[in-house]
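S.K.: Protein chains in written order, with the numbering used here: chain A, 1 to 420; chain B, 1 to 251.
Don't read these hints as lab results, they were simulated from the structure.
All C-beta atoms, glycine included, are put in the ideal place defined by N, C-alpha and C.
Do not take every clue at face value.
[Claimed, not checked] Beta-carbon label-pair distances, calculated as ranges: (1) B:P112 x A:P327: 31 to 39 Å; (2) B:I63 x A:A414: 38 to 46 Å; (3) A:D286 x B:V16: 40 to 48 Å.
[What the hints assert, rightly or not] Pairs of lysine-lysine residues, derived as DSS-like cross-links and limited to a Cα-Cα distance of at most 30 Å, are as follows: (4) B:K132 x A:K388; (5) B:K137 x A:K140; (6) A:K388 x A:K330; (7) B:K114 x B:K132; (8) B:K61 x A:K388; (9) B:K137 x A:K388.
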Amino acid sequence: MPPSWLDESRAAALEIYEREEVPTWRRSGFWTTSLRGLDLDALEPRRYEAVAEPPEIVGPQEDLAALIVQRGGSTVYAWVGDERITVMPLEQAAEEHSELVQRWFAKRLPAGEGKFEAANAAFWTGGAFIHVPRGVVVDKPIQVIYEIEDPGTAQYARTLGIVEENAEARIREYCVAPDFEGQALHAGAFELYLEQGANVKLAHFQDWGSGEVHDISVKRVEIARDALCTWVPIHLGGKLTKQTLDIITAEQGADMRHYGLYFTENDEHLDLFTTDLKEAGPTSGDTIWKGALTGASRASYEGLIQINKGAQDTHTYLQTHSMLLSPKAKGDSIPSLIVETDNVSASHGGTVGELDEELVFYMQTRGLTRAEAMRILVEGYFEPVVQKIEDDQLEEIVRGRIAEKLTAASDEVAQYIEAR
Amino acid sequence: MSLEIQNLHVQTDEGVEILHGVDLKINKGEIHALMGPNGSGKSTLANTIMGNPTYEITEGKIIVNGDDISEADPDERARAGVFMAFQYPASIPGVSVANFLRMAVNAGREEPIKVLEFGKVLRENMDLLRIKPEFTKRYLNDGFSGGEKKRAEILQMAMLRPEFAVLDETDSGLDVDALRVVSDGVNALQGEEMGTLIITHYTRILNYVEPQFVHVMLDGRIVREGGPELGRELEDLGYDPIREEVEANAS
Numbered sequence: 001m002p003p004s005w006l007d008e009s010r011a012a013a014l015e016i017y018e019r020e021e022v023p024t025w026r027r028s029g030f031w032t033t034s035l036r037g038l039d040l041d042a043l044e045p046r047r048y049e050a051v052a053e054p055p056e057i058v059g060p061q062e063d064l065a066a067l068i069v070q071r072g073g074s075t076v077y078a079w080v081g082d083e084r085i086t087v088m089p090l091e092q093a094a095e096e097h098s099e100l101v102q103r104w105f106a107k108r109l110p111a112g113e114g115k116f117e118a119a120n121a122a123f124w125t126g127g128a129f130i131h132v133p134r135g136v137v138v139d140k141p142i143q144v145i146y147e148i149e150d151p152g153t154a155q156y157a158r159t160l161g162i163v164e165e166n167a168e169a170r171i172r173e174y175c176v177a178p179d180f181e182g183q184a185l186h187a188g189a190f191e192l193y194l195e196q197g198a199n200v201k202l203a204h205f206q207d208w209g210s211g212e213v214h215d216i217s218v219k220r221v222e223i224a225r226d227a228l229c230t231w232v233p234i235h236l237g238g239k240l241t242k243q244t245l246d247i248i249t250a251e252q253g254a255d256m257r258h259y260g261l262y263f264t265e266n267d268e269h270l271d272l273f274t275t276d277l278k279e280a281g282p283t284s285g286d287t288i289w290k291g292a293l294t295g296a297s298r299a300s301y302e303g304l305i306q307i308n309k310g311a312q313d314t315h316t317y318l319q320t321h322s323m324l325l326s327p328k329a330k331g332d333s334i335p336s337l338i339v340e341t342d343n344v345s346a347s348h349g350g351t352v353g354e355l356d357e358e359l360v361f362y363m364q365t366r367g368l369t370r371a372e373a374m375r376i377l378v379e380g381y382f383e384p385v386v387q388k389i390e391d392d393q394l395e396e397i398v399r400g401r402i403a404e405k406l407t408a409a410s411d412e413v414a415q416y417i418e419a420r
Numbered sequence: 001m002s003l004e005i006q007n008l009h010v011q012t013d014e015g016v017e018i019l020h021g022v023d024l025k026i027n028k029g030e031i032h033a034l035m036g037p038n039g040s041g042k043s044t045l046a047n048t049i050m051g052n053p054t055y056e057i058t059e060g061k062i063i064v065n066g067d068d069i070s071e072a073d074p075d076e077r078a079r080a081g082v083f084m085a086f087q088y089p090a091s092i093p094g095v096s097v098a099n100f101l102r103m104a105v106n107a108g109r110e111e112p113i114k115v116l117e118f119g120k121v122l123r124e125n126m127d128l129l130r131i132k133p134e135f136t137k138r139y140l141n142d143g144f145s146g147g148e149k150k151r152a153e154i155l156q157m158a159m160l161r162p163e164f165a166v167l168d169e170t171d172s173g174l175d176v177d178a179l180r181v182v183s184d185g186v187n188a189l190q191g192e193e194m195g196t197l198i199i200t201h202y203t204r205i206l207n208y209v210e211p212q213f214v215h216v217m218l219d220g221r222i223v224r225e226g227g228p229e230l231g232r233e234l235e236d237l238g239y240d241p242i243r244e245e246v247e248a249n250a251s
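This is chain A alone, in the form it adopts within the complex:
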């Protein structure tokens, strides 16, 4: 039986969900993310049977500390190889570790923020719970996979992670789907709490394939005193993505590194908003996002540094770059800054550029074709971010997907360069 607090939480969220309209996100007058094309009523949380073997998405299971696989609305596989940690479906954790889950659940991710936050809080099933106790150092990655197997699916995914004092962990969340025809929704909520002195390397890998997957998610990380989170989100595909990614350095000495990349193609639409929120000082931070766009895709990245009152002696930086590889692609790279205190250093910069013709010429004089030069330049552009993943296997997957996308777009890009 689910605990009563959870029933109450779902009921309250459902009320908000029913009250709220489906939002349209507008920014600066010209950028709009709209769900007009999504037939929400036709989607349902599909159920799947448990599987005996994990799907082979990334490497063998013995290389992992734990693995949770959710397909549609059902946990289909759950395994823990490290006895010191608790990793299980969040539904199960809410029953077996009710007090612990209740203490952290939705702490930084309240249902009242919007229609889809409420939908997630009301309808989530399966989910993932990660608990690394005080002082435990987990070398192998803890992995959570959300799969959408079939069109017509509405997936409400919810991950809650707690890494206690001086504990260390690597956490990965994959959001993947095969190439299918038809619509689907992934409304995700991810919350991760680092307690004092914890150290987490976190990666998100999103590749929804060529189906019409709409991903509306919020991911939030809270970092306590002297803890460090390195977070690498990777966006490699999805018909429409609207994500909010926030890192909160909540206490003095908290430190964050946030390195993201995206590559959009065809008619994909990506709308990312990240916040580097400093609630206390001294804290520090570094954010770098890089994107590339082909086809008629659109990608908007907006990165906010917010330094609250009382967060003196904060040092934080944000850079964002976007590379247009097609005349029909449209990209935005917008850094912004809100500072409510003094004695801080914060800098930000954003660029939207095209392939540098001078570099292409230089490489061609060494015998490389235009197409090769382009591929090498784009791979080189992403490489500093890819290396931040610090995991050979995942890095290879990312490099491979970037190469595939470049190959698929190579004729188009060559024509574009030629025409300029």
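Chain A is fixed; fit chain B onto it per the hints.
M.R.: What follows is chain B alone, placed relative to chain A:
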């Protein structure tokens, strides 16, 4: 076997003519120096030989070993055996020197070079140019000093073994030690197998690399040609006497 430039007229993409009919023939085994003050069109010639899309040939031809390459893409020219060391080489973040060299070497081959063979050739050339091993792990030209960039250019030349090399102001901005290293590299690679065009507006590199032929360019034309003695004359007197002579002839 030669690189031949015939009556070359070149304009910028804004339609301004820079070269007004240049003739030059470089045989394999020869070292030529093309000298002239800043703005005389020397770099335009180098870039046009290599196929920089910023420049357009309106008349004349570039011929390599009998083939007209005037319309060829830069990579085709490279594969035909032409190389240019850039005055201001571009930096390529995310691509290490070693990786870039391997890709460039493989671009000119049917079968990719074996890893061990590549490593051996690379080490030999790095010793020749007195380059430290960790250099090849850095991103190409990214944060390099002026001298490191020029060495990286000559290292690429050494790895690619071109038939014809154009060194565009490779000596500018180098201190004496670096100049000596770069010159030693050129001398070591020079032989019957390569024809070299050294472009410079100083004479000091000619103390280290001895050209058989010296050409002087002023305002987009070659106005004087001679042997090594012409280089020494320029060292003593500069370009003014030649300029005055050309202007006197014109009027």
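S.K.: Let me make sure I understand: some of the numbered hints might not hold for this structure. Which ones are they, in numerical order?
M.R.: Numbers 2 and 8, in rising order.
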